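Take these sequences, add in the hints, and give me the full structure.
Protein chains: 4
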Amino acid sequence: MPDSLTSLRHQLAAFAAERDWQQFHAPKNLASALIVEAGELLEQFQWMTEEQSRALQPEQKQAVAAEIADVLLYLVQLSDALGIDPIAAAQAKIQVNARKYPVATARGTSRKHGAP
Amino acid sequence: MPDSLTSLRHQLAAFAAERDWQQFHAPKNLASALIVEAGELLEQFQWMTEEQSRALQPEQKQAVAAEIADVLLYLVQLSDALGIDPIAAAQAKIQVNARKYPVATARGTSRKHGAP
Amino acid sequence: MPDSLTSLRHQLAAFAAERDWQQFHAPKNLASALIVEAGELLEQFQWMTEEQSRALQPEQKQAVAAEIADVLLYLVQLSDALGIDPIAAAQAKIQVNARKYPVATARGTSRKHGAP
Amino acid sequence: MPDSLTSLRHQLAAFAAERDWQQFHAPKNLASALIVEAGELLEQFQWMTEEQSRALQPEQKQAVAAEIADVLLYLVQLSDALGIDPIAAAQAKIQVNARKYPVATARGTSRKHGAP
Numbered sequence: 290m291p292d293s294l295t296s297l298r299h300q301l302a303a304f305a306a307e308r309d310w311q312q313f314h315a316p317k318n319l320a321s322a323l324i325v326e327a328g329e330l331l332e333q334f335q336w337m338t339e340e341q342s343r344a345l346q347p348e349q350k351q352a353v354a355a356e357i358a359d360v361l362l363y364l365v366q367l368s369d370a371l372g373i374d375p376i377a378a379a380q381a382k383i384q385v386n387a388r389k390y391p392v393a394t395a396r397g398t399s400r401k402h403g404a405p
Numbered sequence: 290m291p292d293s294l295t296s297l298r299h300q301l302a303a304f305a306a307e308r309d310w311q312q313f314h315a316p317k318n319l320a321s322a323l324i325v326e327a328g329e330l331l332e333q334f335q336w337m338t339e340e341q342s343r344a345l346q347p348e349q350k351q352a353v354a355a356e357i358a359d360v361l362l363y364l365v366q367l368s369d370a371l372g373i374d375p376i377a378a379a380q381a382k383i384q385v386n387a388r389k390y391p392v393a394t395a396r397g398t399s400r401k402h403g404a405p
Numbered sequence: 290m291p292d293s294l295t296s297l298r299h300q301l302a303a304f305a306a307e308r309d310w311q312q313f314h315a316p317k318n319l320a321s322a323l324i325v326e327a328g329e330l331l332e333q334f335q336w337m338t339e340e341q342s343r344a345l346q347p348e349q350k351q352a353v354a355a356e357i358a359d360v361l362l363y364l365v366q367l368s369d370a371l372g373i374d375p376i377a378a379a380q381a382k383i384q385v386n387a388r389k390y391p392v393a394t395a396r397g398t399s400r401k402h403g404a405p
Numbered sequence: 290m291p292d293s294l295t296s297l298r299h300q301l302a303a304f305a306a307e308r309d310w311q312q313f314h315a316p317k318n319l320a321s322a323l324i325v326e327a328g329e330l331l332e333q334f335q336w337m338t339e340e341q342s343r344a345l346q347p348e349q350k351q352a353v354a355a356e357i358a359d360v361l362l363y364l365v366q367l368s369d370a371l372g373i374d375p376i377a378a379a380q381a382k383i384q385v386n387a388r389k390y391p392v393a394t395a396r397g398t399s400r401k402h403g404a405p
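Protein chains in written order, with my numbering: chain A, 290 to 405; chain B, 290 to 405; chain C, 290 to 405; chain D, 290 to 405.
Bear in mind the hints are in silico, worked out from the structure with no lab data behind them. Among the hints, erroneous ones may be present.
No copy labels: a pair is met if it fits in one copy or bridges any two.
[Claimed, not checked] Straight line, CA to CA, 16 Å or less: simulated EDC-like cross-link-like pairs of lysine to aspartate or glutamate:
id	residue 1	residue 2
1	Lys350	Glu329
2	Lys350	Glu340
3	Lys350	Glu307
4	Lys382	Asp359
5	Lys389	Glu340
6	Lys389	Asp292
7	Lys389	Glu348
8	Lys382	Asp292
9	Lys382	Glu329
10	Lys382	Glu340
11	Lys389	Glu339
It should be emphasised that the depicted structure is a prediction, and the values quoted were computed from it without experimental measurement.
Right under this line is the structure:
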């Protein structure tokens, strides 16, 4: 069975090719489209408290899922356009983060983030 | 073999639990973190021409891969926090887009995007 | 006395001209640079609670001020590149918002934002 | 005559007070709202070429002006909530940039941006 992201990648490549959209899909443009969608995702949460964001109503959850989808679709297309394997990149980043934030010192602190 | 995103999800959940970071990982905060990383991703391309963005140097490609990884890691964690399956959401969105942009009318136009 | 934004506009135009940077300053690129800076601004707050964000330490406040400055500098340059008066646009938007959110119905609700 | 940004600040403070919206306007939330608007601004340009973005049609220019206004309105409110003077911060940043990018070495290069 092909991996889920590989399957998305093939579908999206066919989708763009059928519509002759590759001309618009320079990595620069795809990175712009990705952050535009990330903004629509954040918009769902912007006036909520943290608690409200942990307890979405069904229609809110559905709206969030649709925005997560849009971000993922552009992430897959951007990776494809550049020949980057996003899963391998993510696995490598997890290793980097494990070294950067050892359990002993990172436990219970968000100092990594600049917050006190 | 578990799917690649499922595997990431399990690793990231363990990573956060070991560090007691779930307290910071309200969906609202994860959506903020995602767009911050999307900004770091776009930063790589902001002054490039489209052509330059299609022909990255190896070190540029590596930097882009690391930012793609960060976006994906937060996307997986946000989805997990909300019980959303990002692949299912992406597949549903592809169906929506197929109805919204039929090949016959969408071919070669970026009108979907507000551009002429 | 010239208005503060007018003064910034003249300084930034001279700054870019001296460095021959107008070639990079297509509106598309300036809008990208603006959101990249907006991401650096949000990064300052991403793991804070709302309460923490209302009570910044002096060094945090200084860091936030520097990011606000970056956003404003690109906003002024983008407006200038397009011949848009940002103050007039803001005044017009305030009128639109006053009609859209009458005091009687908008009082105390964040419904405008999609939150419950 | 009061400065244009000062005037906006007073109007926006009254607008929020009348609607009892200060409760939602934690700096963290305002920084989120700002980047959401910055995304809507970038959306106007995302599939355009640089050349197209330099030659907007009147209705495109109007749409861009409305998004610039939204970004500015949140920037003013965020600054106000934190007691930051955005003009002073911008002037300070121009000084920093002048030292960081001397004319002699920065001329005609976008190297500041990571691009070749």
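Against the structure, the hints come out as follows:
no.	hint	result
1	Lys350 <-> Glu329	within (13 Å within a copy, 22 Å between copies)
2	Lys350 <-> Glu340	within (14 Å within a copy, 26 Å between copies)
3	Lys350 <-> Glu307	neither (32 Å within a copy, 27 Å between copies)
4	Lys382 <-> Asp359	between (23 Å within a copy, 7 Å between copies)
5	Lys389 <-> Glu340	neither (29 Å within a copy, 28 Å between copies)
6	Lys389 <-> Asp292	neither (29 Å within a copy, 27 Å between copies)
7	Lys389 <-> Glu348	neither (38 Å within a copy, 21 Å between copies)
8	Lys382 <-> Asp292	neither (20 Å within a copy, 18 Å between copies)
9	Lys382 <-> Glu329	between (26 Å within a copy, 15 Å between copies)
10	Lys382 <-> Glu340	neither (29 Å within a copy, 28 Å between copies)
11	Lys389 <-> Glu339	neither (27 Å within a copy, 27 Å between copies)
Checked against the numbered hints given earlier, this structure breaks hints 3, 5, 6, 7, 8, 10, 11; the rest are met.
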